[in-house]
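**Student:** What follows is the residue order along each chain.
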Amino acid sequence: MIFKNMFGLLLTIVYAVILYIAIQRAEKGVTPFIRKIPALDAIEEAVGRSVELGKPTFFTIGGASMGGTWTGGTLAAISMARYTADICSRKGSKMWTGTSIIDQVPLIDEAMRIGFLEGGDPEAYNYETDIKWFPNQMAYIAGCAGLYARSPPASQILLGSYMAECLAMCEVARRGGAFLIGGTDYRPYMPYMIAICDYALIGEEIFIASAYVSEDLALKNTIWAEDIAKAVMIVLTVIGALSNVIGFSDLITWFGM
Amino acid sequence: MSVTFRRLLPLYLTFIVAVIIALRSFVVHPTLALLGTTFLKWSSLIRAITVGLGFISILLFHGPKLVSRSNDPIPYQWFYSGTTLFGMFLFALLGVGLGVRSSSYLWWYDVFYRPVAGLSTAVSGFFALTAMYRSFRIRSLESLFLVGPALLILLYDAPIGTILLPGIGPLADYIFLYIAASAFRGFIVAASLGTILTSMRTIIGREKGYLPEEA
Amino acid sequence: MTSSSEENTIWDKLMSIPDNAIQVVFLLCMIVPLLVPMTIPYGVTPPTKAFYDTINALPEGSVVLYSMQLIPFNYGDCAAATASIFNLLLNAPNNLRVILVFPASDGPLMFDIMSADYEILMPEWRKYGEDWVRFGYYAGMEQGFATLCDDMKTIFPSDYFDNPFDDLPMMSDIKSAADWDLLIEVTSYTAIVDYEVRQAYGRYGVPCLFAPAGMTVMSIIPYYPHISKGFVMGLSGAAQLNSLQGISGTLVDLMGNSFSFMTLEAFILAILGIVSGYMLRHRRST
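These protein sequence lines map, in sequence, to chains A, B and C.
Take 1 as the starting number for the first sequence in this note's numbering and just add one per residue.
Take 1001 as the starting number for the second sequence in this note's numbering and just add one per residue.
Take 2001 as the starting number for the third sequence in this note's numbering and just add one per residue.
Some hints here could point you the wrong way.
Unchecked claim - With beta-carbon atoms standing in for the labels, derived distance ranges:
id: 1; chain 1: C; residue 1: A2178; chain 2: B; residue 2: N1071; range: 56 to 62 Å
id: 2; chain 1: B; residue 1: L1090; chain 2: A; residue 2: E27; range: 16 to 22 Å
id: 3; chain 1: B; residue 1: L1013; chain 2: C; residue 2: R2198; range: 36 to 42 Å
id: 4; chain 1: C; residue 1: E2119; chain 2: B; residue 2: W1042; range: 39 to 45 Å
id: 5; chain 1: A; residue 1: I252; chain 2: B; residue 2: G1087; range: 49 to 55 Å
id: 6; chain 1: A; residue 1: R113; chain 2: C; residue 2: P2164; range: 40 to 46 Å
To be clear, the hints were calculated from the coordinates, so they are not data collected in a lab.
Everything numeric in this text was worked out from a predicted model, so none of it was measured.
C-beta atoms are modelled at their ideal positions from N, C-alpha and C, and glycine is treated no differently.
Bound conformation, chain A alone (with noise of 0.2 Å):
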């Protein structure tokens, strides 16, 4: 038997010794604290933009796959979705959802029917008009275009793990007037979604912003066991430079190996 990489081994050992703290946190009912991202404000004037206009929320779904390494930001802008159809609820909105993967219907059609209950008018939502699937990602941003061109929306969010198709559907919801408020996790998509939307949240935002609309205390605790992981990389990317800097490369290695 032979060991190797052990650094990275005590590496996953101090990790799951923070999520096991975290964890404990939770279960004594410890809330963290977690900023207000402007985004969140942003959906209440999305919503309140369509109800003005008379004219649905358009809340979209990246095109990941279920069960891959997108699962995260797909499940969070789920989270997001049922926090939308709660705004929705409340002010009187229509809301549609869209999403190119199948798998996700189901989870978005029990998002959307738990937040116009929780918003108070569960009668507002039909689930075989207000869900839209378009069969992949390309079809998605056609499926998008001729919404637009019948009955543009009033705002679009574009929450989850956007792919090459958040370029085309966040121009065309601009070219048909909609606010538009969009977030990824998928790093070569960042960019785009924050030249064009109006609001955006970059990379983890995501995940930020379904925890804080979220009252699962295990989701808050992760985020901030997250953050300390994130202090202890930065301990160590530091350290790690510094040693290189004056020479001692030994280190170097020691965390390589």
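Chain A is already provided as a structure; the job is to place chains B and C on it using the hints.
**Tutor:** Positioned in the frame of chain A, the structure of chains B and C alone reads:
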């Protein structure tokens, strides 16, 4: 099978399989390697089977729309559903019958599918251009720092760019190496930490999103 | 509200160019260089030069795993890079042994289409099975690639032409990622780059070189230059790579010319937009 067993068994399986695969990164042992490879093979097989599930999903979605001549959600939806099903069965039958390397399959793929698939990406290029024309505005010092490097990289990307402005290569390299790389490395670290912690929660059974709803 | 006389300056006109006009000019910049062959000089960027040098610096007979995520959506960018890099691998003076794999199900088919569209310069001395091998598509993304790294025969019991793995002379001493000397990936999907770094570089220390599609180049920047010593940026990089190899007059060069014109047009448009916006704001503030 009791509800408890239905919910506990997947949790135990998840824990055992995940720990074995994770341990492979730290311990070199033939049994561990064999088990890890076997689990990964099963996982690849499951992913391949989902292609078949996708086939059934499309059939179940579009079939009723074609049969009932549905115009919901868009006018002539039944025609588009019919086209989808036609394409799906065409490629399935050609592929199974003649093989994916046959000239007929290749011809249909090149004529029917490739132009449509490529079109959507091509259209994105035009959208990107108009989006860029609208969003490249310098209204403040901060936007100057945003737009300046963007223009630089735009010119750098063209094969003729480094001929027109010879100093652009090292400058763009500097932007890539020290500015862009550091920002994106931060993103990678943050996203990876989130993935690690979420995965740990899944392994220890705290994240149960993949399990069926309790009765 | 401005008066009608103030709305006729050149800056107002520039700011109100209709989108369709912009797109028509863009289309012309795209089509004309494709129809009218012209010799446009290419500069070579440092990452492309590093990519080229890394391949040529490999020891004689090194094993290169060449993975291509060719799909119709990224064909324009990635096919050119695929052809250019493949030509480089086949004709490098260090007699590299090349293994082709595809992480996308469309990949093998798109490779055949790419071979028909672009010129592949196969040297006469290259013998299939002895110094280059083509496998097919591996399912399962990261799980499939991890298994490929551990045991290639498990994923590919036979090659793309149904020759059994053990019957391929080249594969007699290449069983896993431990036997690879370099991994090259042509892709437009970040996740592939990430998992290849995790599996091939992280677990086996295999050096990597990436050729991302132009719009996803930022996905590999974090790995440059420590993990990927260089990179080829889509169509532009392919044209530069061709110029380094002394290949000219091919489809890649035509497309490179077109790309140069399109990028220059976009650059000029951006400058005009910035200047017009500034002049209008300056006029309104005074």
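**Student:** For each hint, tell me whether it holds in the structure or not.
**Tutor:** For each hint, the structure was consulted:
no. : hint                            : in the structure
1   : C/A2178 <-> B/N1071: 56 to 62 Å : holds, 59 Å
2   : B/L1090 <-> A/E27: 16 to 22 Å   : violated, 56 Å
3   : B/L1013 <-> C/R2198: 36 to 42 Å : violated, 23 Å
4   : C/E2119 <-> B/W1042: 39 to 45 Å : holds, 42 Å
5   : A/I252 <-> B/G1087: 49 to 55 Å  : holds, 54 Å
6   : A/R113 <-> C/P2164: 40 to 46 Å  : violated, 54 Å
The structure does not agree with the numbered hints 2, 3, 6 stated previously, though it agrees with the rest.
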